[in-house]
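Now for the letters of each chain:
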Amino acid sequence: MHASTVTTDLPDELGGTHITTVPGFLDAVAEAAPGRPALRDSAGEGWTYGEYARVVSGYAAWLTEQGVRHGDRVLVRLPNTRDMVALLFAVTRLGAVFVPVNPAMKDYHLVSVVGDCEPVLVVADDRAVTAVQKLTDVPVRAVGAAREAAQARPAGAPPVPNAAAPGDVAVLIYTSGSTAAPKGVVCPHAQMVFAASSVGQVLGYRGDDVVFCRLPLPFDYGLYQVLLACRVGAELFLSGSEPDYTLLERIVESGATIVPLVPALASMVSWLAEREPTPTKVRMFTSTGAALPQSTIDALRTHFSDAAVVRMYGITECKRVTVMPPDEELERPGSVGPAIPGTTVTIMAEDGTVLPPGEIGEITVTGPNVMAGYWNAPEVTARTYRTDPATGRTRLHTGDWGSMDADGYVYFDGRRDDLFKRNGVRMSTIEIEAAAMDVPGIRAACVLLPTDTRDLVICVSGDVRPGFVLRELAKRLETAKVPATCHVIEDFPLTANGKNARKVLLELIDGTAK
Amino acid sequence: MWDEEFERILRDRLPFLPPDEPLEADLDLTANGLDSMGIVDLMVTLEREYDVRFGGDLLSLETFSTPAVLWKTVTALTSPAA
Numbered sequence: 001m002h003a004s005t006v007t008t009d010l011p012d013e014l015g016g017t018h019i020t021t022v023p024g025f026l027d028a029v030a031e032a033a034p035g036r037p038a039l040r041d042s043a044g045e046g047w048t049y050g051e052y053a054r055v056v057s058g059y060a061a062w063l064t065e066q067g068v069r070h071g072d073r074v075l076v077r078l079p080n081t082r083d084m085v086a087l088l089f090a091v092t093r094l095g096a097v098f099v100p101v102n103p104a105m106k107d108y109h110l111v112s113v114v115g116d117c118e119p120v121l122v123v124a125d126d127r128a129v130t131a132v133q134k135l136t137d138v139p140v141r142a143v144g145a146a147r148e149a150a151q152a153r154p155a156g157a158p159p160v161p162n163a164a165a166p167g168d169v170a171v172l173i174y175t176s177g178s179t180a181a182p183k184g185v186v187c188p189h190a191q192m193v194f195a196a197s198s199v200g201q202v203l204g205y206r207g208d209d210v211v212f213c214r215l216p217l218p219f220d221y222g223l224y225q226v227l228l229a230c231r232v233g234a235e236l237f238l239s240g241s242e243p244d245y246t247l248l249e250r251i252v253e254s255g256a257t258i259v260p261l262v263p264a265l266a267s268m269v270s271w272l273a274e275r276e277p278t279p280t281k282v283r284m285f286t287s288t289g290a291a292l293p294q295s296t297i298d299a300l301r302t303h304f305s306d307a308a309v310v311r312m313y314g315i316t317e318c319k320r321v322t323v324m325p326p327d328e329e330l331e332r333p334g335s336v337g338p339a340i341p342g343t344t345v346t347i348m349a350e351d352g353t354v355l356p357p358g359e360i361g362e363i364t365v366t367g368p369n370v371m372a373g374y375w376n377a378p379e380v381t382a383r384t385y386r387t388d389p390a391t392g393r394t395r396l397h398t399g400d401w402g403s404m405d406a407d408g409y410v411y412f413d414g415r416r417d418d419l420f421k422r423n424g425v426r427m428s429t430i431e432i433e434a435a436a437m438d439v440p441g442i443r444a445a446c447v448l449l450p451t452d453t454r455d456l457v458i459c460v461s462g463d464v465r466p467g468f469v470l471r472e473l474a475k476r477l478e479t480a481k482v483p484a485t486c487h488v489i490e491d492f493p494l495t496a497n498g499k500n501a502r503k504v505l506l507e508l509i510d511g512t513a514k
Numbered sequence: 515m516w517d518e519e520f521e522r523i524l525r526d527r528l529p530f531l532p533p534d535e536p537l538e539a540d541l542d543l544t545a546n547g548l549d550s551m552g553i554v555d556l557m558v559t560l561e562r563e564y565d566v567r568f569g570g571d572l573l574s575l576e577t578f579s580t581p582a583v584l585w586k587t588v589t590a591l592t593s594p595a596a
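Respectively, the protein sequence lines represent chains A and B. The first sequence begins at 1 in my numbering and counts up by one. The second sequence begins at 515 in my numbering and counts up by one.
Pulled out of the complex, with its shape left as it was, chain A reads as follows (with noise of 0.2 Å):
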């Protein structure tokens, strides 16, 4: 079995400090070893640890101007620069709440966020503030305005200091999940300090690390990049807005050591390595978002013979539940590992029964990277958030389903309700028929899952096309949410309940596929 103490405290060489809060990381390496380098962007300009905690300190105080205060909510979109991640350290050492939303989340769904976190102020790219203005009555300013006002800032102005406590909400991460709508997840700082701690931990992030992060911001495990690399004194390469047929050009120039990924990007690594051999200096890829199919992981080793391939399973409810340690990376094929470092998985079944090893239920997690449930939603707050009658402490209960082997090595096996996953994106039936009655036209649509002989499908009726659905519904859900196949259908089954349509549905698409 694994160490399963976890310490918040930095390595000795960057002081040992006891970490409590996020921006408590970049305070404690600014400190320690301030002419390290810190953040990279694919501008190819840089900061140290020192500037970088500088220029938070800027846009920290540029905040307050603009009226932030402690508990109040800032919603940031933005692609991955220094920007964005400066604001993530400013806004939560003025106890605020920073809430990074994707330049790519549709309107329809930035509505709804706006709407639910209810922020004082958005900070948008320059170019998009007057498409953002156009969404809400909520101050959006300009990120050029913020950077200019935090450089302006004269060098010798004290820090602002950190307002944070360790139970603040530090980020809300929006999620999709069973509901229509995007769901915020409640990321106190305490959760997330430990959760990085964790993950760093079994991980082996070192010093000398450089991190690749082309994941988006928003996206948690891009997110987690930004204190993963910090908890060390690592420097974080930050790569977003090129196209993807650069992306190894720009892991070998980045000196990148550590390569985070999802499967997507994965495949794509792996085709351009093999387009044209390269030598990199990656000694690891992870991987999160779904399991990694077995010939990508093989692909990734013959052209990357240097680099560990770890496999892991996480949702952002609790950021990250299992780690495959990176020097068992051959063992368990299969495997996403056991829990992270001072946690616990435990295989229930639907009455609450702990399951023996090798029984498929569904994966719970108890422990300090628990969140502190969903914003502005109780209900589904305590289904998923549940309090374990035995302890009193709260249970996530994943919705994931999966077994354990008895040395506590979990194995994922899938959903038995509407959230799924498709090209490493979780998403939901009701999600994706709510945006489908939005398109004018549809008056009924059900979402038939994916199944091993065919991909996701959608069945509208209306007078509609095919084709006209599946690009207004492009217009509304990320490309991996939108039906490969569009059904317009004369005669859908009208039931009272939307189940049995489905069933009907279902013996009409696959009975005549047969």
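Quick caveat, the hints were computed from the structure, so don't treat them as lab data. Glycine residues also receive a C-beta, built at the ideal position from the N, C-alpha and C atoms. Everything hinted at is true.
Quick list of the computed label-pair ranges, beta carbon to beta carbon:
| # | chain 1 | residue 1 | chain 2 | residue 2 | range |
| --- | --- | --- | --- | --- | --- |
| 1 | B | 559 | A | 70 | 50 to 60 Å |
| 2 | A | 127 | B | 559 | 27 to 37 Å |
| 3 | A | 253 | B | 533 | 35 to 45 Å |
| 4 | B | 526 | A | 451 | 19 to 29 Å |
Knowing the structure of chain A, use the given hints to seat chain B on it.
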């Protein structure tokens, strides 16, 4: 006009274009589902099938904007003068 192979390779990567809708020369590939991963897949596949190499001035996101632009690029790469 492009050959059948090109049309097949391209259509395979346009999830929002149903088989009964024509592949117009000026079709917006992005609106029809060609995403970032699709572009890399398309580039690697076209390179293999046509024995060409995308690169330099002939490689930009504009290259993957419409079937006409993409076919023009493939043709330029396969012609001896390229």
